[in-house]
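Visitor: Residues per chain are reported as follows:
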Amino acid sequence: MPDEKTICMKASGLTKVFGLGRQKTVAVDHVDLDLYQGEVVSIVGESGSGKTTLAKMLLGLISPTEGDVYFLGKKRDLSSQKKKQDYWKNIQAIFQDPFASYNIFHKIDDVLLDCIYMRGGRKFPSEEKTGLMAKSCGFVNLKFEELTNKYPFELSGGQMQRLMIARIFLLKPKILLADEPTSMIDACSRATILEMLMRLRNETGMTVIFITHDIGLAYYVSDKVYIMEHGKFVESGTADEVILHPKAAYTRRLINDVPKIYEEWDLSTV
Amino acid sequence: MKNTLRQVLHSGKFMVGFVILLTILLVVLVYPLIIKDSPLGIIGQGTFFPPGIYVSTYDSLNAPKQYTLLLTDAAAKRIANKMSNDDRLAMKEWLVADGVPASEIDVTKTASLLDLWEKNYDPKKNIPGMIFAKVRYYQRVNTSVQGLLSTEGAIIASKNAQTGALEQASTINQSDYVNLSQVANVRVLPLGTDNFGRDVLTELIRATGVSLEIGLVAGIVATLIGLSLGLLSGYVGGMVDDVIMFFTNLFTVIPSIVLLILISFSIGQDQRGAFTIAVVIGFTSWVWTARAVRAQVVSLRNRDHVNLSKLSGHSIVHIIIYDILPYIASYVVMALILQISSAILIEAGLSILGLGPRTTEVPTLGLMMNWAMIYQAEILGKWWAYFPVLIVIALITFSMNLMNTGLDQVFNPALRD
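Chains as they are written, first to last, in my numbering: chain A, 1 to 270; chain B, 271 to 687.
Bound-form chain A, shown alone (with noise of 0.2 Å):
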């Protein structure tokens, strides 16, 4: 159901390099993206071809050497943490390593706290923040009841990765980033996982950024195929398009080098 006409996020020029001198390394290179409401889009890529690096550009968890990121037409403004959280309010995101993703010292219910204040429910009756926490359990296949004053390390991993698909539950973010969230988990996990993503972008609209090098995923799950080499996009277009008849040489090497399995599974369902 992407929405054709609205512009949600643009990127310009975005530019990003590390170093200085010799060790100079650039991550990303001119990159320019235009999301549309609603639209489920791949970035899809192999190790090191700065797709993080984009991804946390476009978070605004690091500030891109060049470039412009413009958000619901106007350009974006972080200058003070104000802004920033008024930002983060209409974009989040998912890691990839959910053991890494949680603070190893915070309780289960202080994560999805965290979401409910953001959401200003500061002020909401303790029956309903449990009853709030309580639904976006449910929504990811959770009991809170069990999850209550536990840590997030006592979950295992797929749980851990449903619990951040909670917590985008309660914020409701015009925007998801999705940064390789099923590359840590086994392959079982992997479709709940895949599938309650969905579910939630079907029923709240959101924009979904979904970072990848499985391109076989990429094109089960997206309405927009960026493939990324060395910091810039070498093709792009409609699923369909990109994967079923790929122009540039590095998209058919990415395409080959997809298990075969997953070829069966994927390529003639079409």
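In case anyone wonders, no lab produced these hints; they're calculated from the structure.
All values reported here derive from a predicted model rather than from experimental measurement.
Note that CB positions come from ideal geometry on N, CA and C, so glycine has one too.
Fair warning: there could be bad hints in the mix.
With a straight-line Cα cutoff of 25 Å, these simulated DMTMM-like cross-link-like pairs (lysine to aspartate or glutamate) come out [as the list claims (entries may be wrong)]: (1) A:174 / B:574; (2) A:89 / B:574; (3) A:107 / B:357; (4) A:84 / B:511; (5) A:74 / A:29; (6) A:150 / B:574; (7) B:404 / B:357; (8) A:24 / B:512.
Some chain B residues flagged as far from chain A (calculated, every beta-carbon gap over 10 Å) [as the list claims (entries may be wrong)]: (9) 315; (10) 417; (11) 432; (12) 447; (13) 581; (14) 583; (15) 585; (16) 593; (17) 628; (18) 651.
One-sided excerpt, in silico: chain A residues whose CB lies under 8 Å from chain B [what the hints assert, rightly or not]: (19) 61; (20) 81; (21) 85; (22) 95; (23) 97; (24) 101; (25) 114.
Here the structure of chain A is known, so what remains is to put chain B in place on it, guided by the hints.
Guide: Same frame as chain A, now just chain B:
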């Protein structure tokens, strides 16, 4: 968290160190409650009284009740106590010269030696080859032995107020005893007295307390400075990082002991209290904490949980306190322990050089070493003035380093053996 705590409590090294330190702390805290003497009060007229129990001679004579104990070995013990080793060897020499087989003479057995002497010695006997001085020497030895063997009591005389003549007041027999508990003044000096005649044990325990306080204050000052600079420089980065690291590196290349000596010297003897010295030590030893904390923070600030906390709208202060500090807390505690133990050593070093706290108010471990050194306790063999101090310093630093190693093994599992 609970698991980590259990691991810490099960770490043998940590617990040994902890128990030693706790014992020292307990002694330091409890001792002043029982013995209320001033630690710097001069109780001895003279220097370096050896360790032991001191009984007032006057009070033992005036004890309320005298007991008569007929102990057979009393004389032998008295003689054994008074007869020097040289005398015994001289006696043996004479007896051997007189013809007693050397194998029958045992100088350590006083009774048999005296028996042989009584039986054989004759002052008029002329042993060939013995010079006259030697003959007189044996006569003197014999006189002193006969004096020791005397069973006469000692007479106490008092002066008559009218005539000024001495009158016999009482006689103390050799079999007269008093109960120690009935002697009004008995003083136990387990570690003797120091050069000023002060009780070394009381002084040492107070000194340990003061040194621990100095270590704690210096350690906390150094850790606080190092921690805040390290956090600021590591988390904020950029220009702030460059400036802070410039000063940190500056402090690294200047040896802190040189700085300390210069600062201590320029403060002047009158201004140097124990607290001042502690703060000065703290201000010169934060460098390594700052560098280490910075390194840890730099690696932490790009972790996903910090990013998530940012995305949850938390401020820099909140992130530093809740997302960075808990992760480096174990490291900071370990650094603090090391800072405390090194501050105690630094204080001792400074005080030995005469640049420690001024000497009139409190003793510190370093000051005690300084006094012992100035009054040549080492040369005179008065071990009780400096050896216990060394032991305490060694125990404190040993226990703290042991605790540090134990913690290190818990927090860095790769180091476990």
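Visitor: Now tell me, hint by hint, if it's right for this structure.
Guide: Against the structure, the hints:
| no. | hint | in the structure |
| --- | --- | --- |
| 1 | A:174 / B:574 | holds, 21 Å |
| 2 | A:89 / B:574 | holds, 18 Å |
| 3 | A:107 / B:357 | violated, 83 Å |
| 4 | A:84 / B:511 | holds, 23 Å |
| 5 | A:74 / A:29 | holds, 22 Å |
| 6 | A:150 / B:574 | holds, 20 Å |
| 7 | B:404 / B:357 | holds, 12 Å |
| 8 | A:24 / B:512 | holds, 20 Å |
| 9 | 315 | holds, 62 Å |
| 10 | 417 | holds, 82 Å |
| 11 | 432 | holds, 92 Å |
| 12 | 447 | holds, 70 Å |
| 13 | 581 | violated, 5 Å |
| 14 | 583 | violated, 4 Å |
| 15 | 585 | violated, 6 Å |
| 16 | 593 | violated, 5 Å |
| 17 | 628 | holds, 46 Å |
| 18 | 651 | holds, 57 Å |
| 19 | 61 | holds, 5 Å |
| 20 | 81 | holds, 6 Å |
| 21 | 85 | holds, 4 Å |
| 22 | 95 | holds, 4 Å |
| 23 | 97 | holds, 6 Å |
| 24 | 101 | holds, 4 Å |
| 25 | 114 | holds, 4 Å |
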